[in-house]
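Undergrad: Let's have the full structure, built from the sequences with the hints guiding it.
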Amino acid sequence: MENLKKFRYLFFILGVLIIYLVDLISPRINPYYFQIIIFAGINIVLAVSLNVINGLCGQFSLGHAGFMAVGAYFSSFLTFYYHTSFPLALIAGGILAGLIGLGVGIPTLRLRGDYLAIATLGMGEIIRVILFNLDIVGGARGFPGIPKYTNFFWVYLVVLIVLVSSYNLLKSPQGRAILSIREDEIASEAMGVNTTQFKIFAFIFGAFWAGVAGGLWAHYLQFLHPSSFTFMKSVEVLVMIVLGGLGSISGVTISAVFLTILPELLRYVKVLFNTTVDPRMVIYSLLLILTMLLRPQGLLGGYRRKVREQ
Amino acid sequence: MITEIFQQIINGIALGSIYALIALGYTMVYGILRLINFAHGDIYMVGAYAGYFAIASFKWGILPSFIFAMLICAMLGMSIERFAYRPLRLRNAPRIAALTTAIGVSFLLENLGIIFWTPTPRAFPQIIPLKIYQGIYERFGIIVNNRQLVIISVSIALMLLLQFIVNKTKIGMAMRAVSFDRETAWMMGVNIDYVISFTFAIGSMLAAAGGVLVGIYFNRIDPLMGVMPGVKAFVAAVLGGIGIIPGAMVGGFILGIAEILVSAFIASSYRDAIAFAILIIILLVKPSGIFGTATREKV
Amino acid sequence: MSLLKLEGVTVAFGGLLAVSNFDLEVNDKELVGLIGPNGAGKTTVFNVITGFHIPIRGKITFTNINITGKSPSYIAKLGISRTFQNIRLFPNLTVLENVMISAQLHFNISYLHTFFRTPLFYKVEKSIEEKALRSLELVGLKGVKDETAKNLPYGDQRKLEIARAIATEPRLILLDEPAAGMNPRETDELMKMIKFLRDELDLTIILIEHDMRVVMNICERVVVLNYGEIIAEGTPNEIKTKPEVLEAYLGSTAVG
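Chains as they are written, first to last, in the working numbering: chain A, 1 to 310; chain B, 1001 to 1299; chain C, 2001 to 2256.
Do not rely on the hints blindly, as some may be mistaken.
[As the list claims (entries may be wrong)] From the structure, some residues in chain A lie toward chain C, with a derived Cβ separation under 10 Å:
no.	residue
1	L179
2	A190
3	H225
[What the hints assert, rightly or not] In the PhoX-like style, the derived pairs of lysine-lysine whose C-alpha atoms are separated by at most 20 Å in a straight line are:
no.	chain 1	residue 1	chain 2	residue 2
4	C	K2192	C	K2029
5	C	K2126	A	K5
6	A	K171	C	K2126
7	C	K2077	C	K2005
8	A	K171	C	K2123
[To be verified] Restraint ranges, calculated between C-beta atoms of paired labels, are given here:
no.	chain 1	residue 1	chain 2	residue 2	range
9	C	K2059	A	L10	56 to 62 Å
10	C	N2086	A	P87	49 to 55 Å
11	C	S2127	B	D1181	44 to 50 Å
12	A	K270	C	Y2111	45 to 51 Å
13	B	R1089	A	R267	49 to 55 Å
Calculated directly from the structure, the hints in this document are not laboratory data. By construction, the Cβ of each residue, glycine as well, lies at the ideal position given by its N, Cα and C atoms.
TA: This is the structure we're talking about:
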């Protein structure tokens, strides 16, 4: 172990290199599969970042789509109007989302579980209504003509960074403080943990990466519309982390990939049964209910840090 | 200007009484289970469809259709509680698990609605012919139609009935006892499961009535019609003080009026934001709501 | 020297006074027992000292610093630690992690070190772990450090709460019914441990306890609370004989 620690930077660089090499051959990948791979990566970023708020810190946020929207719109605004370089625009989108996370976090994090859920839901809806009325980014007409910058390299570089930073956070004094809030907030305070500060950090961290994911998404699709960022989108990410096992980074990652591929598999089911109805959301909701009833620790999470049982 | 404001307030009261009816279900369930029943807005949607089929397909009159919709939703509400929430409650699962399940149930109802009834909105049969009363109000220039009067009076009648049940009947007393202290109520011999089931039934019936009324008022129903009113009604419940029945009514009216005023005088595209703005303000200023008293977590 | 001083502290819930006009002075390295019937307001006193309740009147000073109305985490940093009557561990974390969370209180490491895993990060983590292990050793739980906290037997959970409390390096520790649910053998061990904490670690201890054997054997001074007010104060032997105590509190149970 000690020896491996010394090479941690080397491993990271090696990871980046592999991503770069795969990126080089990516034009040869079948475009249909390529799109799934890109969406899987973006979903990993969304799920892992929401997992920090909901799974590790135990704060029930339903506003992830809102943070994603802020990052998507702001980064696209920068690249479209100011021709900002892509990584810079991504970071700027993430920072603005993080700032909004901070603005929402400070007043609302005093609220307990379900109140927080509703407040973050409300925040997401307010963001959507504002975008709907914001003419500079197209308002209700949508925002077309966003340059196509997103490629395999950027998506998976972000995936790598978000995974490494989440793991590093989890296994650290700050990470333990965040976990202790989920486990028992009162005991946590009594042990000197400044719970408000860590909750806000978790929120900013989650919001930042959701914003970056939004930027990646926008520069892949090249078109944005406020209706893509409804409460439903937040729930989609929620399903990923619940299914993967709240708090388990590996479980959540696998589940994000799984739930990206699942609808594609369901396409065949549709063809098979010769139906026009899209069963995806029904299956999502059933997965959510059944997971909670039968395996609250998540379908894939065999991990120790499972949902808190009282 | 003043006339216009009064006119909009009347429209707001009509909308608000629907919110109030839905908010009652939220507040009762929250009072007893400390659970945001996310599926409640969708029960209201099912109520609207039940009313639609009763009127359009079975050719029933208005009263039987109302009762039919209410019974269907009572059963739906009780089944949701029985099969989705009760297992978690018995397992003493964390509230986050219950909330996640509730979101799942809500999505399930919406998407089953889309599959069975298609996402296309349907025109609700015009069972009450529109009549506009201008005469008596002419002096003030305010227009009220008979549908608004039906909505407001049916809502108020149902709310009074609910107040009677909660305050004057035995089951109402049991409901209050369970909401106050579930464990003690259980030790005093109250059948907790029965009371919770009953609460879901009553709440769902009110939502169903709201659904049929909205169908009559706006003439238009669709499988996702419950999402926004559902969340807004929850805001109304929080605004009045969650768990407090008169609070839900007052919160519903305030929200309905605020929303109509915003869309009339500011911009209709912001009407959906006002509810959430109110919510965030109330949570910051007085999270216990207008009628609520502060509670503390036990250390 | 007085370490902790409560002057006229009054806590109200709604209109009800849970603690009224409470005065208490605790000296350095003292071992004080706080007793009284159920609902007398003992835990409320702990909650108000540790910042979980804010008094409507009165003043609390600790090491000459006014801590009235300060946040629990600030008070913990100043050196007051506590256990909970109804055990509040971090149930899904390991025993070691439970203690590390409090052991890290006086270590400051920035997020940059955490995210970039600098050598300083590993050094600090190691110090925190060593400190946590020392606390676990004191209460005899080092052997189960990788066990999940909620899987520990009841008596061990109480011990873990104590280990967690002392890992913050407090000067004052508030123990809320540490012997509750323990068998006589475990209680004996506990008494030894509490004495050890005071004698060897130089801790000041306030103890809420229903087990009179514990109170009478180890406390130097006992404060009796009833209906939120102090009704008697003195050495264990003095308390035993006071009629108002017998009336209010010992009417139903015999003194051990």
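Undergrad: Look at each hint and say if it fits the structure.
TA: Evaluation of the provided hints:
1. Restraint check, L179 of chain A versus chain C: the minimum CB separation of about 6 Å is within 10 Å; hint holds.
2. Against a cut-off of 10 Å between C-beta atoms, the interface hint on A190 of chain A holds, since the closest Cβ of chain C lies about 6 Å away.
3. Interface hint at H225 of chain A: violated, since its Cβ lies 35 Å from the closest Cβ of chain C, which is beyond the 10 Å cut-off.
4. A threshold of 20 Å between alpha carbons decides the hint, and for K2192 of chain C with K2029 of chain C the separation of about 16 Å falls inside it, so the pair holds.
5. A C-alpha spacing of about 14 Å is found between K2126 of chain C and K5 of chain A, which places the hinted pair at or below 20 Å, so the restraint holds.
6. Proximity of K171 of chain A to K2126 of chain C is assessed by CA-CA distance (about 12 Å); at most 20 Å being required, the pair is judged to hold.
7. Restraint check for K2077 of chain C and K2005 of chain C: the C-alpha separation of about 18 Å stays at or below 20 Å, so the hint holds.
8. Restraint check for K171 of chain A and K2123 of chain C: the C-alpha separation of about 14 Å stays at or below 20 Å, so the hint holds.
9. About 58 Å separates the C-beta atoms of K2059 of chain C and L10 of chain A, a value consistent with the hinted range of 56 to 62 Å.
10. Checked against the hint of 49 to 55 Å, the pair N2086 of chain C and P87 of chain A passes, with Cβ atoms roughly 51 Å apart.
11. Between S2127 of chain C and D1181 of chain B the C-beta distance comes to about 47 Å, which sits within the given range of 44 to 50 Å.
12. Checked against the hint of 45 to 51 Å, the C-beta distance between K270 of chain A and Y2111 of chain C comes to roughly 47 Å, which is consistent with it.
13. Taking 49 to 55 Å as the suggested C-beta distance range, the pair R1089 of chain B and R267 of chain A does not conform, at roughly 38 Å.
Comparing the model with each numbered hint stated earlier shows that hints 3 and 13 do not hold.
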